[in-house]
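Here is what each chain is made of, one letter per residue.
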Amino acid sequence: MTSAGGIGRRVPALRGPGGHVPGGRGQGWRRLGGGGLSARRSRTGMILVSPAFAMVALFVLFPLGFAVYISLTNWPLIGPYHYVGGQNYSEIIHDQAFVHSVLFTLLYTAIVTVPIFVLGYLMALLVRSNRRGAVFFRTAFFLPYIIGLATESFILLLELQPDSGAVDFVLHKLGLAAATTAWTVNYGLALTAICVFVVWFASGLTMMLLMAGMNGIPAELYESADVDGATWWEKERRVTLPLLRRSIALSLIISVIGSFLAFNQFYILTEGGPGTSTEPVVMWIYQEAFVQYHLGYATAGAIVLVVVIAVISALQFYLLRDGDDKKAAR
Amino acid sequence: MKLLSRQALVGAAAIALLAAAGCSSSGSSPSTATSSSSFGVNATGTVQFWARSVSKDLAQKLVSEFNATHKNLQVKLTLTSINDDTTTLATSIRAGDPPDVVGLNDIDMPTFTENGSFMDLTSEIDKLPYKDDLSPGHMGLATDNGKLYGVPYWADLSVLWYNKTLFKRAGLNPNDPPTTYAQILSDAQKINKLGGGVNGFTFAGDCEGCLGFTVQPGIWAQGSYLTKGGLSNQTASITGNTALESALTFYRQMWTQKLVPDNDRTDDGTTWGEDFAAGKIGIMPAGYGQVVDLVKPSQLGSEFMDTPLPGQNGGYSTFDGGDDFAIPTAAKNPSGAWEFIQWVLQTQQQKQFPALGATPVRTDVLTPTFSAANPEDAVALKALAKGYAPVTLVYNQMFNEASGPWFQMFSTAVYDGNMSLALQQGQSGLTSLLQQASP
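Each protein sequence line maps, in turn, to chains A and B. Take the first sequence: its position 136, counting from 1, is numbered 136 in the working numbering, and each next residue is one higher. Count along the second sequence from 1, add 1000, and you get the number used in the working numbering.
Chain A on its own, in the form it takes in the complex:
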């Protein structure tokens, strides 16, 4: 991951001799004899990215812009609507249900993010080499992610049933819980069950991202460390972790965004209950839009969520940038 990024930054076609980006006004470009080559390269670049830009404009920017407009109206399911300005936003911040759903989502994210990363890292360590059995474990660890959250949530729903599900049966045999423990209708039990389930589900993806990063680290670095007499732990700390920075950032960002957008597992397992105690913010948006039919109000909540995720992702990018990025920023 790191080496690939390094190579990418050295591709001469993307930078002028002066280290400036194409189209820039650096001295190096002027020395090349005017803007002819620069302009051609710029035009070629624009032509190449224009299809992608058109798609993004059509399927991302336009819907996003339209969603912002809807959030400024009292848009119902059907019938006339009118512009209400920022009223939806001012009401949302005083809406106890919305605030609760945001706080619950933050709590849920805080609980699952570290275990997903740690478990994913440990699994990546186990399967990164080509030793015997690595392929089997790699497949087994990634399988939950392949099967899908909704399918597994339905399976878990059946297995969490008191008196008939496998979870109560096993825990009862181990003396850890009553055979009639009702997991999905108790806040603490439901949150525990869902967090354990999600860590099991999502750590496979983290494993794959980190393993790909680990396999991209040149073997020469480890050989050099061996020559220097480094221990396993020192190699992990001094070689693997620093060079995995971007993979770690990517896996954490994906994990946090996934937690902020959590819906399936809560919708299937608890429906946000008991009451609204396990209602994440996306379920609040769903309920407002498709049960209460307050589409304008729900869209305002969705826009707030987009902004929050963008801010958190930007913050993560900033905190987890590597040395090269920091130099570039300076």
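Since the hints were made in silico from the structure, they are not lab data. Glycine included, each C-beta is placed from N, C-alpha and C at the ideal position. Heads up, some of the hints might be wrong.
To be verified - Incomplete in silico selection of chain A near chain B, CB under 10 Å:
#1 LEU77
#2 ILE78
#3 GLY79
#4 PHE154
#5 LEU157
#6 LEU160
#7 ASP163
#8 GLY165
#9 THR180
#10 ALA182
#11 THR184
#12 PRO274
#13 THR276
#14 GLU279
#15 VAL282
For this one, chain A is given, so just place chain B on it according to the hints.
Relative to chain A, chain B alone:
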């Protein structure tokens, strides 16, 4: 970079224009007249029919037979998701391209009739010779300010199922099903004593919609309702509602006396009725079609039988569920749609409903011949005449949500045993929602 910036500005302007254009196309459509004498007679062309996937078998059979006998008018069926049918329909209406006829969950009718999304069919319905025999609950939901915007399509009715084999084993008369809460409780206690994993009663205890479907008829059977007034001045009627209190007390007794399986508490409807179909339950309030789908045809009547859902001291009622037919105001072939609807409502078609897991929507279909051929559906059809469904703009919010006041009240009363708090929660929760929904 500057070029990109300029493009971004142009793109943003285009988005704003497109958004404005999209917004300007909204608004309610003009109502369509049905006064022409040829309306619904010898129509031609194609009729686009949207039906919920829950009525798939019925819809496919009806459309197939209609198309085979109407060469000049063909119906094209589109099945919609059970949960997203209202948003799909609303989107099509907003886009000005709705179907010609829709089979809509009847409790969702007020959401669309209130803002003029459907054609006023009053004059056409008044001409139907069997108008007074149409399902009263369905018709109530299709009525707004005295005008009729739809007719029943199919009925999904709640009844009280019981296991005749377990009745016999418990020393009960299988041909004498319970008709009061006290009798249900007594029969359930006797069946529960059989042991061996057998329970006297069951309910989907974490499925708010299922509970609304099966508990409320017992309250209506006593002549009591949870809301009062029309859409514009609706109020909650929870505190002081003795019929409601007796229903909640009845379920509390079932729970505390352990007459139901432990996993009823977490049954969100996913496995509802499976233990009954497996012969492990004595009595279960549920839909007619639900059990028909779960058991073998040979078991109906011989092992499993239904009876109307009673109230505390007798009487009976049913939740008048299922779908209503409605014609969107912007339908392209409303005449063809009305011809198709009238054809479905004919006796010949209605008699086919039981075999497809549905109950007819005309009470005059209930004849001795019909009862002999369909004894279980005859029970449901008999209850249809006394059926009801709440007419409100916020039914889903009140009764079909885990966080709604209905389920909160039920949980507090039945599982926590705090009746006074439960009734307070119900009263304030329903009042709040009704006030929000007040036009």
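request  = May I ask which of the numbered hints given earlier this structure violates, with the numbers listed in increasing order?
outcome  = Hint 15 alone not satisfied by this model.
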